[in-house]
Amino acid sequence: MHDGPAVGIKVIAPSDSNLFEATRAIYVGTGGDLNVQMFDGTTAIIPAMPTGMYPISVVKVLATSTTAAGIRGFY
Numbered sequence: 010m011h012d013g014p015a016v017g018i019k020v021i022a023p024s025d026s027n028l029f030e031a032t033r034a035i036y037v038g039t040g041g042d043l044n045v046q047m048f049d050g051t052t053a054i055i056p057a058m059p060t061g062m063y064p065i066s067v068v069k070v071l072a073t074s075t076t077a078a079g080i081r082g083f084y
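Numbering of the sequence shown is given in our numbering, commencing with residue 10 and proceeding in unit increments.
Treat the hints with care, since some could be wrong.
As the list claims (entries may be wrong) - Dumping the calculated SDA-like pairs for lysine to any residue here, alpha-carbon to alpha-carbon at most 25 Å:
1. Lys19 to Thr52
2. Lys69 to Phe29
3. Lys69 to Glu30
4. Lys69 to Pro14
5. Lys19 to Ala53
6. Lys19 to Ala78
7. Lys69 to Gly79
8. Lys19 to Ile55
9. Lys69 to Ser26
10. Lys19 to Tyr84
11. Lys19 to Pro64
12. Lys19 to Val68
13. Lys19 to Thr60
14. Lys69 to Ile18
Rather than coming from a laboratory, the hints here were simulated on the basis of the structure.
This structure is a prediction, so every number in the text was calculated from the model and none was measured.
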């Protein structure tokens, strides 16, 4: 992961198996629950996240228990 602002963006499709490059931030297009694996390996369901940008470093958005949609990763 580099220092500084994000330089790219990707659509994130929730998956219980796919890992991806650690994000610098996450955008939630349609609010809901977000089940994530953080950069440090911990997992958590973040309930009722409203639409918006969040400065969190995740390596997976799990499909199980994720109801948020329109998720983008900033890198």
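Evaluation of the provided hints:
| no. | hint | result |
| --- | --- | --- |
| 1 | Lys19 to Thr52 | holds, 21 Å |
| 2 | Lys69 to Phe29 | holds, 6 Å |
| 3 | Lys69 to Glu30 | holds, 9 Å |
| 4 | Lys69 to Pro14 | holds, 20 Å |
| 5 | Lys19 to Ala53 | holds, 21 Å |
| 6 | Lys19 to Ala78 | holds, 14 Å |
| 7 | Lys69 to Gly79 | holds, 15 Å |
| 8 | Lys19 to Ile55 | holds, 21 Å |
| 9 | Lys69 to Ser26 | holds, 8 Å |
| 10 | Lys19 to Tyr84 | holds, 8 Å |
| 11 | Lys19 to Pro64 | holds, 15 Å |
| 12 | Lys19 to Val68 | holds, 13 Å |
| 13 | Lys19 to Thr60 | holds, 17 Å |
| 14 | Lys69 to Ile18 | holds, 15 Å |
Checked against the numbered hints above, the structure violates none of them.
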